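12 is the number of the first residue of the sequence shown in the working numbering; add one for each residue after it.
What the hints contain is simulated information worked out from the structure, not anything from laboratory work. Certain hints may be false.
The list that follows gives simulated cross-link-like pairs (lysine-lysine, DSS-like), each with its CA atoms no further than 25 Å apart [what the hints assert, rightly or not]: (1) Lys324 x Lys274; (2) Lys274 x Lys190; (3) Lys169 x Lys195; (4) Lys195 x Lys183; (5) Lys347 x Lys306; (6) Lys275 x Lys313; (7) Lys37 x Lys257; (8) Lys297 x Lys195; (9) Lys313 x Lys324; (10) Lys297 x Lys324; (11) Lys274 x Lys183.
Label-pair ranges, simulated between beta-carbon atoms [as the list claims (entries may be wrong)]: (12) Lys183 x Asn343: 40 to 48 Å; (13) Asp271 x Lys313: 20 to 28 Å; (14) Ser410 x Leu118: 24 to 32 Å; (15) Asp271 x Gln301: 53 to 61 Å; (16) Lys324 x Ile82: 23 to 31 Å; (17) Val256 x Met12: 50 to 58 Å; (18) Ser310 x Trp185: 17 to 25 Å; (19) Ala323 x Lys183: 38 to 46 Å; (20) Ala61 x Pro252: 35 to 43 Å; (21) Asn184 x Ala61: 23 to 31 Å; (22) Ile309 x Ser410: 44 to 52 Å; (23) Gln36 x Thr337: 51 to 59 Å; (24) Leu311 x Val246: 22 to 30 Å.
For clarity, every value in this text was computed on a predicted model and none was experimentally measured. Where a beta carbon is used, it is the ideal one built from N, C-alpha and C, also for glycine.
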Amino acid sequence: MTRIAVYVSGSVAAFKAVSLVRILQKEGHEVRIGMTPASTRFVTPNTFYALTHQPVLIDLWQINQSPVPHIELADWTELALVVPASADLIAKMANGLADDAVSSSLLATRAPIMLAPAMNNQMWANPATQRNLNRLIADQKIILTPKTGLLAEGYVGKGRMMEPEDIANQVKNWLAKQKRLVGKVILVTAGGTHEAIDPVRFIGNRSSGKMGLAVVQAALEAGAKVIAVVGQVQVEFPKHPNLTVKKVTTTAEMLATTLDAFKKVDALVMAAAVADFRPAEVADQKIKKQADQDKLTISLIKNPDILATLGAKKDHQIIMGFAAETNDLLQNAQAKLAKKHADYIVANDVSQAGSGFGVATDQVTILQPNIEPKRWPLLSKREVGQRLINLLAKRWQQSK
């Protein structure tokens, strides 16, 4: 079914990787193994060779079926599992180090990577480890959080690796999610728009593009094709065969680009924070300060409403808009839901601590026509993006 590379690092939990390999094989997956030198102190490579009937990658300099075996394994892989993931290997991955066959192969692979950490509770709680984990999460690695249980040291603490059966279930659930939106095309807008005042200055907003990126990533993970119309952002969008990125600057450009793509998509997620107004006139040259001038007046005119324009044109598409408010959140969001013909409005109070522009978390309320608003807890933007894609997937599933 799936080509899975299991990378084993130096932890006493390495013996559990043997059971995991057996479970994955019984479920029909093809499995290959990479081992760090330290892991061979706990489990012999011959054990994995006997199970997989494939050479075990241990050394950068070994020659198996390929003259560059760590790259061959990286290219072969459809899903990479690091089981167990030691603190040392986590640190290497977080910092892009590649000084052995396993870290080199993991750095080279384009496959999704899932890690099952295993270590002493003090090592797990160390700020350096947590920084490394957060960096891996930001790099779209999947962390299977360890449990609190009996550790090798003989006492109870957090750092015990997830059991093989539970890891296999995580893999099964993850693989199932990858296929939910195969065949769907989702249009996502992200970031802020800029409206020029003169060749130097502009009117803009504080949007970072993090929420739009989270939606894009969740849609790609679910198997959808994504068209991202991206304004000014502080994040980098991934290179992915199912992702088309179209860069724009102004609200008018974003409207024209989304209109062009709208007919061929199944859903629009309007996560961009567009400028509602633009200068009536744009100066040809930089506006200079004058010694006798204490004020500068700029006349603004209204920009087109992208969400309302597309809402009026929708046919089969599902439309999800956002409402970033600083007051009267639900009242303003309800009005937006009705006025703009949206199927969903994702409302958030950007004046609330930990929510809104530029931060990694968000607390949103979901509004739908004729349904009581549902308030979600404070979540990472990645989790919000995944939940929003889940809403679309559930709606399409119900429509079948």
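- Task: Just tell me: holds or violated, for the beta carbon distance of Ser410 and Leu118 against 24 to 32 Å?
- Result: 42 Å, violated
- Item | Restraint status (C-alpha distance of Lys297 to Lys195 at most 25 Å) | Not satisfied, since the Cα-Cα distance of roughly 46 Å exceeds 25 Å.
- Item | 22 to 30 Å as the expected CB spacing between Val246 and Leu311, which holds or is violated | 28 Å, holds
- Given the proposed pairing of Lys275 with Lys313, does the C-alpha separation stay at or below 25 Å? Measuring from Cα to Cα gives roughly 28 Å; hence the hint is violated.
- Distance restraint evaluation - Asp271, Gln301, Cβ atoms, bounds 53 to 61 Å: The hinted range 53 to 61 Å is violated for Asp271 and Gln301, with Cβ atoms some 43 Å apart.
- Query: Taking the beta carbons of Ile309 and Ser410, is their distance inside 44 to 52 Å?
  - Reply: 47 Å, holds
- Message: Assuming the hint says 40 to 48 Å, is it satisfied by the Cβ distance from Lys183 to Asn343 or not?
- Response: Check passed, 42 Å falls within 40 to 48 Å.
- Is 38 to 46 Å right for how far apart the beta carbons of Ala323 and Lys183 are? Since the Cβ atoms of Ala323 and Lys183 sit about 42 Å apart, the hinted range of 38 to 46 Å holds.
- Message: Holds or violated: Lys169 and Lys195, Cα atoms, limit 25 Å.
- Response: Answer violated: Lys169 to Lys195 is near 40 Å, above 25 Å.
- Within 25 Å, alpha carbon to alpha carbon, are Lys195 and Lys183? Distance of about 22 Å is within 25 Å: holds.
- Query: Is the hinted range of 50 to 58 Å satisfied by the C-beta distance from Val256 to Met12?
  - Reply: 31 Å, violated
- Should the hint that Asp271 and Lys313 are 20 to 28 Å apart at their CB atoms be regarded as holding? 22 Å, holds
Of the numbered hints stated above, those contradicted by the structure are hints 3, 5, 6, 7, 8, 10, 11, 14, 15, 16, 17, 18, listed in ascending order.
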